[in-house]
Amino acid sequence: MFGSMLWSIWQCRNKIIFDPEIIMGENVVQQSSRLTEEVFHAYRQKASDLPKYYVGTGIGKGTVPPVRRPFKRAVISDQQKRRELSLLRQAQNRCNAQHQARCLASSILSLQSSAPESEPEQSDIEIETVPETEYESENLSKDLDVRRASTLRGPEVRKWFARQLILPEWMIDVPDRLSQDCSDFNILYVLARPAGKRCFVVSSNGTTVSRQLNGSILHYFPSALPAGAKTRNGSGSAQSYCILDFIFHESDQTYYVIDTVCWNGYSLYDCTVEFRFYWLNSKLEESCACNAPSHYHKFRFSAVSVYNCDQSGLYAAYTGAVPYVKDGLLFYNKHAHYQTGNTLVLVWKDENCSQYAIDTDVLELQDDRKLVTSDDPPVLFGCLDGDFIEKSGVQSGNLLRFAIGDGGLSFVDGKLEKADLIYLGKSNRARTFADSYSKPVEIIACRSSNASSNYKYSRIRYAGYIPVHGSAFSSKDR
Amino acid sequence: MEVTQVLLNAQSIDGAVRNNAEESLKQFQEQNLPGFLLVLSGELVNEEKPVETRKLAGLILKNALDAKDQQRKVELVQRWLLLDGNAKSQIKSGLLKTLSSPVSDARSTASQVVAKVAGIELPHKQWPELVVSLLSNVHQLPAHAKQATLETLGYLCEEVSPDVIDQDQVNKILTAVVQGMSASEGNIDVRLAATRALYNALGFAQANFSNDMERDYLMRVVCEATQSPDVRVRQAAFECLVSISSTYYEKLAPYIQDIFNITAKAVREDEEPVALQAVEFWSSICDEEIDILEEYGGDFTGDSNIPCFYFIKQAIPALVPMLLETLLKQEEDQDQDEGAWNIAMAGGTCLGLVARTVGDDIVPLVVPFIEENITKPDWRQREAATYAFGSILEGPSPEKLIPLVNVALTFMLTALTKDPNSHVKDTTAWTLGRIFEFLHGSAVDTPIITQANCQQIITVLLHSMKDTPNVAEKACGALYFLAQGYEEVGPSSPLTPFFQEIVQSLLTVTHREDARESRLRTAAYETLNEVARCSTEETAPLVLQLVPVIIMELHNTLEGQKLSSDEKEKQGELQGLLCGCLQVIIQKLGSSESTKHVFMQYADQIMGLFLKVFACRSATVHEEAMLAIGALAYATGPDFAKYMPEFYRYLEMGLQNFEEYQVCAVTVGVVGDICRALEEKIVPYCDGIMTHLLKNLSSNQLHRSVKPPIFSCFGDIALAVGEYFEKYLMWAMSALQSAAELSTHTAGDDELIEYINTLRNGILEAYSGIFQGFKNSPKTQLLIPYAPHILQFLDGIYMEKDMDDVVMKAAIGVLGDLADTLGSHAGSLIQQSVSSKDFLNECLSSEDLMIKESAEWAKLAITRAISV
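Respectively, the protein sequence lines represent chains A and B.
Taking the UniProt record's numbering, the leading residue of the first sequence gets 1, the next gets one more, and so forth.
Taking the UniProt record's numbering, the leading residue of the second sequence gets 1, the next gets one more, and so forth.
Pulled out of the complex, with its shape left as it was, chain B reads as follows:
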């Protein structure tokens, strides 16, 4: 095969040629992997080949080593490790040689591939000489090779975890990097590569950052690099500072003053990419301090490892004025551009974070700025003042903010209607939304919305919904939080008199021609949902009236035929919004007997539409429709059986959707809803459902978060079908048993422990459902063989002492269910278990009412089981 030609063809404009080339490459790869990789590396290293094919060769080589998909990645790694040693060393030496190629694209491709190989081999203690050979003659290399070497080191640090490289090598890497960064380095590309490499190497420098001298040196080099004449180097250096601020927050105290001076200068004078990173440094410090302070607040023992240095609190007298200045540097039309990100936006975001970090202290620093600018003729000043006000609404106490808001509210409402500038209106509507989000609701003592101003607020917001899409979207957002604040208002909501008008206005917005701009339609529907969700009994008839309207809208989406892919996407999006809306309404009206009764007349119609929505897609199911069906099943009860014959295939489709695991998880939840609705009528569908669930459990492809709900779903099914579950008992129990063994012990970070606890909860819910389902059946004895293992599991997780409350309640409940169902058959087993004594006593004296109730139930059941 003439590989160069094939590689050129693979980039051809002609699709047929391209496909052909791709096909032959694929065949080659499958038939002879070592040969394929050797040919590619030969192409990459060959200085006579065209740069396009060298680059593509390197890329394919890289993709033969790594993939996004976890499953495939593991496969590729295994294949590389099993590859013939000679071929591997030949490929590797070719790669290293390419690093000194005069062609920069070839170098940079090679350095990525080297890092991928290192990522596979270093953890297996292979290629130990790599770092040494990279660094051996770095000083004598020509600039372009030096740059490639530093770039390779950077990628390497990104690719492998710090524990794979020993400290000695880390020191060598850091030395080379720091030398490359220093001002004495004449070549700017080398300096840039070194600075970027340091960014990746920072995670390896734990030991070096603990040593005062080394840290001082590293910090000095980084700070010097921020003053480089090259803007890319300055930006990269600030990126290093940002990374240091989160990785080594606790080491920053000696440098913070200098860093402030550097960042302040950059924010005021430097080019935007650099200034953005300088602001980002302070945002990042805020993130750190917010986290630390939250931990202080949440836990009185204060066992946080990192103390708060209150850098922000100390910095605000200078920091806040600096941020306020940035607010005046808005871009024209930034509100219309979804992806816009500029210094004014970064400054406002940082100001918001500062407010959350320091609370009340920020208010006196910002208020003069607002007062001075809010009435100025220049829109930039009015917008900046409004943005500043909106930014500080989260953090300071309501006592501090409410007097300000009371003064500002009327002004804001006027500005939203009258200000000639669209930016100002956009920011004003957003600020109103923030006011309602943080300062309105049952948690706030002094209401800012009163009988006197309620009407005006609503009139203004509804009026603004006719404004440009971005302003209208913000107005919807404000209304959203306004409605949310009245969620727990009681029987009579101040919104009641306006309810109809609000709903009407929102529906009108959804029909605007330009509703797809600025996510306006989505915002309008989400707001409609929130208004419905937070409505009171008074307005229930009006919510009911909304049902046929939404039904009609959903019906209309089904009309078009032969849609283009863009139209199909629009259709799917709109159907999602409408199904979401119906879900909220079903849940709302279904929660009260009287409204449910009236609502149910629409059930057939709604279900019919959902089925048609499903039919719109061939391969996937619509998540929002699935969620809504869960709510409908719950409201419908046993009558839902009539929909099952048609619905079942979509249920199956959802259960098989591994790709969009959220859809799969939602479908598993809906199976539970249906079990509770249908009870024994689910039996005809159980074979299929159980098969899919068991298959899903054993799959490595399915996202792990879906597995705990699958176990819970076993319990739902068993409880619904009773002893009929016998059919699946063996399979379910063996899946449960292996999962139980896995989840008895937790070792790992908080995230893993949390996952293990969800898994335990799923397993326990399954056991509960099964025991309760078999209770009083003649087949109870089938469960006896499983009792020892289940008790062992309960003992095991009790000993581990890391259960959360949910698991504790479920576990003690299972103990009770076991005793209750098996009775005297398990009496002696129960008596031998730790759970029946220590664990039970611990639960009996629990502060948590739900745990206590379950424990009392377990105690009663055990007493009976033992006494008989």
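Looking at chain A on its own, in the form it has when it is part of the complex:
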């Protein structure tokens, strides 16, 4: 490759007659660049054909047999490998985009429609069973309507799908009612949330599919869940299926179960957390899904230790060693039913129990230029001026990312009055909904407590005494 220029000149001058392929009219520069490219390509070719030890064959005339390349010099050159990895990634992304467009929930839809008769009105369940809350949801947009959902396209379908998972509420601050409040003491569970991808795992018809929050497929695999693999003894009827709520912890390739919706065709939507956890633990054990991965069970499944939210339980969840990377704590109300969208599951993060910084907030831009949260009803955070909208090219319905400025949030009578927002840009397209009200409030709380990490620790210690409907959730009362 080096000095191909010189080589070309040399060739033109003296060796013209020996080069059977010389093309008249191709000037020296062209030829030298062609040569360089050819050699370059030959190099790449060589790398891509590693198993064959041949480089080029006899060029031109004469009986020059192929030359074997010394295999000791099997150079590593990964350009081809990088090309292939890129192609693979692109194919996968295309496949995901297709699935999303195809209303990928269809596998769940068909499951739901063929569910056993014991659950006659499956599609309405999560609306009717919103438990012990003051607000009866009048919002029908979350309606699990098979037909409607199937006509959705692109972003809407992702949104629809994502609504099927519980979204945890951010725990904003430690309420000031303290330890004596034993009535609240006993009704929470706490667990250390594994870091990773939140996903729905559906097993049916001998296959198991996991889909992420944005609806894209994470894995397609056999599992030991009922109807999760094609096993020879073929356990489970065609009717049986499971839907579980998992976090996929990447580094040890393990699915950590954090909740369950359906087990073996039996819906747990309207069962309490207490029952769901009990059921989950006993059934997972029974199904051997927590056993080591095998041919019929590709990924490891693991339950997460759930503690009663008393002082020792909280301490255990907060500081205890777990086989996974922690990403905050999850609090469940023992008596709550499985709800989709925002719910009464709480999440707490600080730097002791999560490595992920919380510093931005995602809000949805509405038609009237208002910025709102994903709460139900939405909480107004501010308003964009028309100029800005024009300049930045954002559109209504877009999800926008904001940092919270030094001005923080001001409250009047427990209601948000003013927020100092700094626009960062549009959110990742994989995002399907805005953050809930409690997240920005949490950001502020974290920031204000940064001065003293001791203080943070003490805060979390007292968090065990948090009431279920504390003042922290003022957004719900608006």
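Any given hint could turn out to be false.
What the hints assert, rightly or not - Computed footprint of chain A on chain B; a stretch qualifies when at least three of its residues, placed anywhere within it, have a C-beta under 8 Å from a C-beta of chain A: (1) 536 to 545; (2) 577 to 589; (3) 667 to 676; (4) 708 to 722; (5) 814 to 828; (6) 850 to 862.
These aren't lab readings, by the way, just hints derived from the structure by calculation.
Note that beta-carbon positions come from the ideal geometry of N, C-alpha and C, so glycine has one too.
Starting from the structure of chain A, add chain B where the hints point.
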């Protein structure tokens, strides 16, 4: 025009004179092709002209008939065929006459041109008398003319395909060739020409090799020629044997014993060019048997046409000792010389192939040799022993090898640090690399790297990276495979404690003054990439720290101005390595939300650098930078829009790069990435992109492998922009339709069938994207006219029964998309199609989960479409 003078000028040292001459030749050729060719052939045949001009005349004549570039070749052939008949026969008779010229250069040039003309005319049933006239008086010819005739026959066989020449003529050719080869032929040049001609004629001898008598005769002549007193003839004869070993493997059984004796003698006693071919014979047999055995293993029906004769298995007791002997014949400094190829290297390569062919059986034959030589004072013996060990690491079972490796590992590590000889160190590092490549990783049950030795291994490898470039390069290679083996190790990698040190050492290597020798810098970066790619979550912060370092390196490459071409090339190479590294890091960090978030702070900076890298070149785009941008677009999402105004022109440039079709293909893939990232924001760029893509599709110059991804890209665009695609619908659909017609039926070899299936997949992905993009739009009805054809295409490829799984999944998906988007408009059409019944049922009961899911989706969509 005084052609002789012009031809002399065309070879002048003075560039101006030369250009002038070339220009006038070109003009002459354009203005009067028949006249031009006649003058040239007249020059070639004229015994009074200087040999230089005769040769150049012949060469230009030849180049007027053939070209490397396919497009141009077809043009030239057409022009010759349309040429005036008189001129052609005059040229041809001149050529044939030149074959008996006393000037050997003129003869040999003429014989090449004759073969080119034959290559054009014989397939068109023209010049039928050629072979006969060549052979008519071959016996009476003087030796030099006989030699030229045989040479011409050889070229002819190389030029035309066997079906063009009928068996009768083949027999005549073979007879003449074999007579020329036989020991009774007194003239050595004739014998050599005949032997070389046979090499090319072997492909024509299918029928003759099926006849026992004729085959025996041919084999005897070839074997006799291997004993010729002339080394060139011996070499050519062994080359024939090598060719026979792959073309007629299944006919070799009766001769294999004799061939072994001949080759063994040649390997031990003959000159190197001959010995190399003798070793090559056995390498070639290994290739054949490896292929056959692979087919046995891969397919239980065993429908391979050729049975395995296990020649190697039978030969190893004698073959392996012979190969081991060759290992001791190393050349000094062979490790520094990129192009070195000698008997020791050929022997080692063959030994490696034998190990892959026979597996465990080779181990007991090689181990004594290793044990005996590995501690000897002579470096040749230590190196040979190590090379032998390294060569047999692929093939035998881990159970057989691991005990050996466990014993050898410590010894190897010591040798790599302490051996006084650089060859030994080079081979030792290479052997360690082979050990890690084949015997380390999640697939191997007993780990050879343990807590006890891991530290030592890494210390030694990092130390060796400071050794001479060739040793350091091998050490990088070993580390590369070491890291790769831990790819699926789980949350905690044994490499974690050393991660920082490894990265630091590799970066140091890239800065070595001599890093360009032995591809050391490339190896160091590739290893760095592999270390990053296989890293675990634990070390993610360290990978992140690498980002600003690589950014700085890339920044530094942009500094020099007014570079010489050599410097420019160095710059491009280094930029390639750094962009490749960034691509790996982007893909790694972008795959997890938490690291992506932190990584994105560098996005602007990185993109800015990529754009500057593009700006370094005027005509082409940098492939590695393009690949990296694809990864960046995927990680960035809609925000990528801000880079588009500046990036777009390079995107266009990439799409227009037909010459380096890989770059074009990569760019097409990046368009897909950008579509998914930007969605509707891609609209402003669609006109340009679609124009280029459509132009590329209709081009004959663009390598065919780029076309299927272009179709897929249509789908990506349609899915991103939705009904806005209406603008391009007509054009895209007509391109799709003609490609669909072409690819419904497959006829040809496996390679073609594979290509057709990729093409089908591209077409189907385009249809899917378009249907999904238009879904729920008021413009859905625009697609209705295309439905019959698309269904016909699906039916067509289903009937053909040669789809692969990927196509099957895509096809059934399209059926679903069509039903889903068109709904009741297509209900009756769908019901009439075969696809909606048989094909759907076949997919529903498929073993492949992805096909099944797509089929279930299609079923649901069809049910809805029909029921409404």
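(message) Of the numbered hints stated earlier in the document, which are not met by this structure?
(response) none
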